[in-house]
Amino acid sequence: GSTGQIKYVSDELNLIGNNIHLNAATNIILEPFTGRVNILSDVSISSDLTVSSDIINPGMPNASTNYTVYFDTTTKKLSYADAPSGGDVDISTLSIESYVNTSTYYDSSIRYRTMPEPSTGFGSGNGAEGLFVNFKAANTISSYYCGYIDTGGRIALADADASNMMPAVAINTTGSSLSAGTNYNLLIYGVVRNTAWNFAIGQPVYVGLSGEVTTTMPSSAPDCVQVIGRTVSPDSIIFNPSPDFVVLK
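With the numbering used here, you'll find the sequence shown wraps up at 249, consecutive numbering, no jumps.
These are computed hints drawn from the structure, not numbers from a lab.
Be aware that a few hints might be false.
Just the calculated beta-carbon pair ranges, DEER-fashion [to be verified]: (1) 123 <-> 220: 35 to 45 angstroms; (2) 153 <-> 115: 24 to 34 angstroms; (3) 143 <-> 246: 49 to 59 angstroms; (4) 249 <-> 198: 26 to 36 angstroms.
All C-beta atoms, glycine included, are put in the ideal place defined by N, C-alpha and C.
Based on the provided sequences and hints, a complete structural model is requested.
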């Protein structure tokens, strides 16, 4: 533009103007040097930017090693905030929500999940923790009974004396019976406590003849034997159903 200038002053090349366009058919290359490229205002890039060295923000405090860098979705810029510090940090308590200003984001972090000791970790009542899948119920499944996947893709009451109603893949830990046609989050792997149970400790648990959890192995033909976990205490189990089962002859 008419207000633009090109100046060469003391080994510096200054491009001055409201808008400066660098157009190239292929690439614009900045050869390696010992100094820095200082950008004092906003820069818009309409294609990819590849950086093979460090990006330095001179305005960031010297204690930046303790900061968490995040993308500000309002300003559309990288920013930073204090990261948790002091002693051992339990990474299971860290949340990316603390460092973004919107409820919509992508989190590529790895989170390690620690499940409670089931006989004490749920207080005095029942509870379950682990991996859940949302299923639509095909029929009524009582609380703490197991379900299999029927031919329609729904969860139905498992039955150890009918091989076409096996194997169990999930357990109802909602605290009430499932109703046909309604969706529920059901446990497929984890720890479960049910104060109505009274099992011997350290024993395998099976699907019962009515879909219940039991330590009594089915023993009559043509019953099905499927191990679905192991007892941790009289009223708690690790739920880890085998994908296989044996039909007794």
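Okay, the hints, checked on the actual structure:
no.: 1; hint: 123 <-> 220: 35 to 45 angstroms; in the structure: 39 angstroms, holds
no.: 2; hint: 153 <-> 115: 24 to 34 angstroms; in the structure: 28 angstroms, holds
no.: 3; hint: 143 <-> 246: 49 to 59 angstroms; in the structure: 27 angstroms, violated
no.: 4; hint: 249 <-> 198: 26 to 36 angstroms; in the structure: 32 angstroms, holds
Of the numbered hints stated above, the single one contradicted by the structure is hint 3.
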